[in-house]
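Novice: Chain by chain, the residues run as shown.
Number of protein chains: 2
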Amino acid sequence: MTRQELITLIKRKRSFLCIGLDTDLDKIPQHLLKEEDPVFAFNKAIIDATHELVAAYKPNIAFYEAYGAQGWQSLEKTIAYLKGKDVFTIADAKRGDIGNTSGRYAKAFLEVLDFDGITVAPYMGKDSVGPFLGIDGKWVVLLALTSNKGSDDFQMIKTGNGKLVYERVLERSAEWGTPDNMMYVVGATRAEMLSGIRKIIPDHFLLVPGVGAQGGSLEEVAAHGLNKDCGLLVNSSRGIIYAGNGPDFADKAKEEAQKLQKQMESVLRDAGIC
Amino acid sequence: MTRQELITLIKRKRSFLCIGLDTDLDKIPQHLLKEEDPVFAFNKAIIDATHELVAAYKPNIAFYEAYGAQGWQSLEKTIAYLKGKDVFTIADAKRGDIGNTSGRYAKAFLEVLDFDGITVAPYMGKDSVGPFLGIDGKWVVLLALTSNKGSDDFQMIKTGNGKLVYERVLERSAEWGTPDNMMYVVGATRAEMLSGIRKIIPDHFLLVPGVGAQGGSLEEVAAHGLNKDCGLLVNSSRGIIYAGNGPDFADKAKEEAQKLQKQMESVLRDAGIC
Numbered sequence: 004m005t006r007q008e009l010i011t012l013i014k015r016k017r018s019f020l021c022i023g024l025d026t027d028l029d030k031i032p033q034h035l036l037k038e039e040d041p042v043f044a045f046n047k048a049i050i051d052a053t054h055e056l057v058a059a060y061k062p063n064i065a066f067y068e069a070y071g072a073q074g075w076q077s078l079e080k081t082i083a084y085l086k087g088k089d090v091f092t093i094a095d096a097k098r099g100d101i102g103n104t105s106g107r108y109a110k111a112f113l114e115v116l117d118f119d120g121i122t123v124a125p126y127m128g129k130d131s132v133g134p135f136l137g138i139d140g141k142w143v144v145l146l147a148l149t150s151n152k153g154s155d156d157f158q159m160i161k162t163g164n165g166k167l168v169y170e171r172v173l174e175r176s177a178e179w180g181t182p183d184n185m186m187y188v189v190g191a192t193r194a195e196m197l198s199g200i201r202k203i204i205p206d207h208f209l210l211v212p213g214v215g216a217q218g219g220s221l222e223e224v225a226a227h228g229l230n231k232d233c234g235l236l237v238n239s240s241r242g243i244i245y246a247g248n249g250p251d252f253a254d255k256a257k258e259e260a261q262k263l264q265k266q267m268e269s270v271l272r273d274a275g276i277c
Numbered sequence: 004m005t006r007q008e009l010i011t012l013i014k015r016k017r018s019f020l021c022i023g024l025d026t027d028l029d030k031i032p033q034h035l036l037k038e039e040d041p042v043f044a045f046n047k048a049i050i051d052a053t054h055e056l057v058a059a060y061k062p063n064i065a066f067y068e069a070y071g072a073q074g075w076q077s078l079e080k081t082i083a084y085l086k087g088k089d090v091f092t093i094a095d096a097k098r099g100d101i102g103n104t105s106g107r108y109a110k111a112f113l114e115v116l117d118f119d120g121i122t123v124a125p126y127m128g129k130d131s132v133g134p135f136l137g138i139d140g141k142w143v144v145l146l147a148l149t150s151n152k153g154s155d156d157f158q159m160i161k162t163g164n165g166k167l168v169y170e171r172v173l174e175r176s177a178e179w180g181t182p183d184n185m186m187y188v189v190g191a192t193r194a195e196m197l198s199g200i201r202k203i204i205p206d207h208f209l210l211v212p213g214v215g216a217q218g219g220s221l222e223e224v225a226a227h228g229l230n231k232d233c234g235l236l237v238n239s240s241r242g243i244i245y246a247g248n249g250p251d252f253a254d255k256a257k258e259e260a261q262k263l264q265k266q267m268e269s270v271l272r273d274a275g276i277c
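Protein chains in written order, with the numbering used here: chain F, 4 to 277; chain D, 4 to 277.
Looking at chain F on its own, in the form it has when it is part of the complex:
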C-alpha cells in the first residue's frame, strides 16, 4: 500500500486506529477452543466486527510462533483474510539481522505473507534495515522510542553530541528511506516527546503503541504527533480484543474500537483532515 493510499484510507474511514492481534489461547473466550483453529476463529470474528472502524491490524508474531507450525498456519490464514479487507497490515516482528538474513525475513513477511509493513529493530544499523526497504509499496516500521520501561536503558542514553540515542536513530535512519516507505514506533507513554520527534521527522507516519492497557492518552498523542496528513497509526491490542470474554466478545471489541474511532474522527475533523 502506498502512502497516498494509506492517507486516503484514513480519511475515508475517519480512523487511524490499529488493532493489535496478540491472540492468546489462555485469554480468548473458552467456547472457541472447540474450533479447528481457535486462533484464526478468534481473529476472524474480531476482524469481521471491527474492520470498518480501523485503518490497520498488527498481528504480534510472537503469539503465533508460540504455537509452532500450527501458529504459523493461523498467521497465514489471518493475513490472507485481512488482504480481503480495506486495511493496512503490519507484522509486529521486530526483526533485524545482517543483510542476507534480513533479506530472508523481508521475503517471509513482505512477500510470502504479503504484509504491508514489518516492525524492525535498529541496533544492527543500515544494512540490517535496507533489505526491508527494497520492495515496492512495502514499509519498514522502525523502533525508535518504545513504550516499555526498558526503553530508558539504551534509547535514552545521552550521546557525545548531546542528543539521545533514539534521536540519533531517527536522524540517521531517516536517510535510509523516505516517508513513503518508513514509519517509526513511538510509545504513547511518552506523548510529550512526540513534539521533539516531529521536529526531526515531520512527515513520517508514527505507529504509536501503548494507548489503553499501557496507559497512554489518545488526546495527548494527537496533540503532539498529528501532522497535516494525520501521520499517526495508534495501536490498541488487549483493550479491544479482550474487552469481552463471552459469546458476545466480538461485539464488545467493536464497542471499544468504536469509542476510539469516534475520538479519532473528532481529532481529524478538528484538524481539518476529514
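These are calculated hints, taken from the structure and not from any lab test. If you're wondering where the values come from, they're calculated on a predicted model, not measured in any experiment. Don't take every hint at face value.
Straight line, CA to CA, 16 Å or less: simulated EDC-like cross-link-like pairs of lysine to aspartate or glutamate [what the hints assert, rightly or not]:
#1 D:Lys152 x F:Asp130
#2 D:Lys110 x F:Asp29
#3 F:Lys110 x D:Asp27
#4 D:Lys110 x F:Asp27
#5 F:Lys262 x F:Asp130
#6 F:Lys129 x D:Asp155
Each pair of labels, with its calculated beta carbon distance range [claimed, not checked]:
#7 F:Ala72 x D:Asp29: 20 to 26 Å
#8 D:Glu8 x F:Val115: 35 to 41 Å
#9 D:Met159 x F:Thr5: 31 to 37 Å
Covered by chain D, per the in silico footprint, the following chain F stretches (three or more residues, Cβ under 8 Å) [to be verified]:
#10 75 to 84
#11 122 to 135
Virtual Cβ for every residue (Gly too), placed ideally from N, Cα, C.
Model the placement of chain D on the given structure of chain F, informed by the hints.
Specialist: Showing chain D alone in chain F's frame:
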C-alpha cells in the same frame, strides 16, 4: 545446558566451533530437492557428518520462516534431531519486545522448541530481555557488537561518559543475568576489540560470528577473547555447510569443520584448557 556442562563438552570435544544452519533451498545440493523435506534432509546430513567436531549448532531462524509453516516444521525436526546429539543449541532469532511478548518468544524457542539459548536484541532494554532469563539451564545470547558494517551506525556511537553504546550495553546488561545464563554476540571482524570487551565481561561466553565468509580470523579471536574456561563459541555458517555442492557435500562440510576443530584444539592445548 549449564555453564559447567558446556565447558566440559568443549574440553571433551576439543572444539568451540558452532555451525550456523542457514539452510537455503537455492544453495543446497539440487539432488536433495526431491526429498520430502529438503531443508531437514540437508541439516541431518550436515549434523551427522559434523556433530563430533562441534560444540554447538545455530539455526538461523529467518531461513526457516522464509518457508512459512513448512519451514517451521523443518526447524522443529532439526532441533529434535539436535537434542539427541551432545551439543549446545542456539536459536539465532534476534528477538526482543515488551515483557509479555518476549515471554511468548521465550516460550516458543526455549520451552516448546527447547533450544539451549536464543539471540536477543538489546534496544528495548531490561524488561525485553528478562523473560528469556527466567528458565533454568537456558541462555540469552545478547547482541553487543555485531560483525556487519551497519554496526558502526549505532553500536559505535560515543555516549556522554566517553563510552561507546555497545560498551554501555555490556555494562548494563551484565547486571541483568550472570555468566551462567548470558552470553554476548561479538563479531570476529572486530577481534582486536575483544580485549576491551574482556575487561568489562571477563567471564561470559562470547558467540563470535564472522569467521570465514565474513573475513574474521580464528587466531585473532582466540588471542583477544579466550578466557580460562575457553569462554568462546566461534561460528561458521556458509564456509562449512556450503563447502561442497555435490553428492559429497556432507564430507566437504566435515573437512572444513575438521580444519577449524584442529585449530581450536591447538588453541585450547596452548592455553592449557585441554
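Novice: When the hints from earlier in the document are held up against this structure, which numbers fail?
Specialist: 5
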